[in-house]
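Participant: One letter stands for each residue in the lines below.
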Amino acid sequence: MSTGSAVSAASTLYEQRYKRLIDAIELREPDRLPTIFFSHFWVAHYCGMTCRQAMYDYEALAAAVRKAVIDLEPDAFQPVHPLVALGPTMDILDYKQLEWPGHKGLAEDVGYQYLDAEYMTTQEYEDYLLDPTGFMLHQYMPRVAAALAPLSELPQYPGVLHTRIVQSMEAYARPEVRRALETLIRAGEEMQKMRAVQNRLLQELKDLGFPIAAHGTSHAPFDVAADYLRGSKGAMLDLFRNKDKLLTLMDRLATLIPRAGIATLKAAGGNMMFIPLHWGLDGFMSPKQFITFFWPQFQRVLLRLVDAGIYPHVLWEGDCTSRLDVIKDVPPGKCVYFFERTDMLKAKQALRGTVCIRGNVPASMLITGTPNEVREYCKRLFDTLGDGGGLVLDASVGVPDEAKPENVLAMFESAKDCVY
Amino acid sequence: MDDKGKQLAQHVAEMQEEEAVKLAREMLDSGYDPIKLLGHCREAMEIVGKRYEQGEYFLPELMLAGEMLKAIGEMAKPLIKQGALSEKAAGTVIIGTVQGDLHDIGKNIVTFMLEINGFRVIDLGIDVPSANFVESIREHNPQVVGLSGFLTLAFDAMKKTVEAIKTAGLRDNIKIMIGGGQVDGTVKTYTGADAFGLNAMDAVSLCKQWVPA
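Chains A and B supply the protein sequences, listed in that same order. Position 11 of the first sequence, counting from 1, maps to 11 under this note's numbering, and the rest follow consecutively. Position 23 of the second sequence, counting from 1, maps to 1023 under this note's numbering, and the rest follow consecutively.
Some clues are possibly wrong.
Stated by the list, open to error - Derived coverage of chain A by chain B (criterion: at least 3 residues anywhere in the stretch with Cβ under 8 Å from a Cβ of chain B; other residues may be distant):
#1 106-112
#2 225-236
#3 280-287
#4 363-374
It is worth saying that the hints were derived from the structure and are not from the lab. We treat Cβ as the ideally placed atom computed from N, Cα and C, and that holds for glycine.
With the sequences and hints as input, model every part of the structure.
Facilitator: Given below as C-alpha cells:
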C-alpha cells in the first residue's frame, strides 16, 4: 500500500471509529458495539514497566500506550500521560496530596494514591467565598505543594491598587518568593516536556485512526468540596454544621468548574470530558442529601458543558442504582454514564432514550478470570443492553492495573462480534 | 431511663449535636453519674446503628454520631474512677487496610459500626504488611479478621495476607472477611477469605453470625 492510501485508510478508520462512538452517545445504533480504552498503570504492566517508570519516563510510557492501543484497537482511548506521567513535576513541587510509587516508602510498582485530609479549614470558608483565587494562591497552593509556600507572601491584589500595584512588585524579588517563582517555571518546563511527548503520541495515534475519548477532566462540586477542600470527614460533618456555607461554596463551584473545563477542552481542541465521581454513590449520603448537596450542583455543571458542545463521560463509582431516577434528568443523547457496580439492567431501563451507558466488565474478572468468562460477560452485556444503541463497552472503572493481558484483549475482541 | 437521660439519647439519635453536647455538660456539672450518662449515649448509638442498617441514616450521620460520642466521652471519662468502665466485648475483630493501599474511610466506618455493636476492634491502620496481621492475631486472639482495600492491587495483598495467616498456623481458628472498592465474590474466592461485604452492615452481620452472643 502506498503511503497516501495508508493515510487515507487510517483516516477512514478514524472516521468509522468516531462515528461508532458518537452514534452510541447520541442513542443511535452504530454498526457494532463501540469500545473505550481507559487505564492508568495497566499499560505499564502490559509492557513490562513498573508504575514508577510509567510516572517518570515519558517516552517509555508513550511506547507502552502506543502498543496497547494498536493491540487492542479500541474505538477511542483516554490519554494516559495526564493521569500518570506526573512524577518529575511532583518532585519539583514537593507535592503533598498524593503518595506515589518509590516516594516516601511506597513500593515501586504500586499506583499513586490520594491523601484524604482537610486542605481547607472550617474558618477558611469565608476566605474562599470572598476570593476563591486569592485563597487558592495564598493558602491552598502552599499547602499542597511545599515548594510554593512563599506564594503566601504575594500581594492581596483586590486591595492593592493604583501606585500600590507598582510598589507591590517588591514582593517578587524576595529571595524565597524568587525561589518559588523559579520552581514554578521549572515545573512548567517539565510539564511542557511531558506534553510534547504526549501530543506527539496523540498525533501518531490519530494518524493510525484512533480517536480520543477524554480531552480533559472535570468534577462534581460536592467532590471538590469533599475530596480537595474539606476532606471526607470535614465535608460529611459540614452537611450538619456548615450547611449554608457548603451550599454557597458549591454554588460558586457549579459556575467555576465548567468554566475551567470548557477552557481546557477549548485549548485541547476536543469535545469529550471525563468526570470521575467519588461521593455520589448509594450509601454515602441519603437520597435527600443527594438531591440537596450533590445532584443539583452537578447537574448545572453537566448542563453547562453540554451547552458548550461537550460530551460528558461521568464515571459513577460504586453502586448508584438508587440514584437513577434522579440522574436521568439531562438533555438526551449528550451524556455518557460510566457505571461500576450499578445494576446495568435497571440503568438501561431508567436511562433509555436519554443517556448512553458505558461499562462495566468487573475488575475482579479481568484480574482473576479467564478470556472465556470475559467474552461471555461482554456478549451478555450487549444482548441485554445493546438495543437502540446507547452502550459503550469498557471495564468497570477502566482496565485495572493488574488485569491479565489475555482478558483485556478478549474484552476488546469480543466487541467486534457485537454487531447491530 | 430518667427524663434527662431520655432527652440526651434523643438529641444524639436525632443528630442534634449542639443540644446533645450542651445537655451532657449540664448533666455532668449537676453531678449526674457519668457511667449512666455514657450508657444513654450507647443506647442512642444503637438507634443510630439501626437507622443506618435500615437505610434511614448514611455515612454523614455515622460520622456526626461518632463526633458527638467523642465529645461527650471526653467530658465524662475523666469523672469516672479507673476500672469502673469494664464491659464485656461481644468478640474481638482485627481490622486493617492491606499492604500497598492507603485508603481508610471504609475501614473506619466498619470499625465504628462494629464498635457500636459491642465488638472490640483492633485497628491496625493502613498499608499493613501481612506479618503485622499475623503478629496481631497472636497477641489478641480474635475471632474475626477484616481485610480492607480500595484499590485493585489489594486483591493480591489480601491473598498474601490470608496465606501468611495460614502459614502461621492461625487460619483454622479465625474467620476472614474482606471488603472495599471492587471486592466481590470472585475476589473472595481468589484471596481465600471466608466472606466479602459490600458495606458496613455486611461486616456487622458477618461478625454476629460468626461470633454468636
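Participant: Hints first: check each against the structure and report whether it holds.
Facilitator: Here is how each hint holds up against the structure:
Judged by the Cβ-Cβ criterion of 8 Å, the segment 106-112 of chain A is covered by chain B as claimed, because 4 of its residues qualify and three suffice. Coverage of the segment 225-236 of chain A by chain B holds. Counting CB-CB distances below 8 Å, 3 residues qualify, and the rule asks for three or more. Coverage of a stretch by a chain is defined here by at least three residues with a beta carbon nearer than 8 Å to that chain's beta carbons; for the segment 280-287 of chain A and chain B the count is 4, and the condition holds. Using a Cβ-Cβ cut-off of 8 Å, 6 residues of the segment 363-374 of chain A lie near chain B, which meets the minimum of three, so the contact claim holds.
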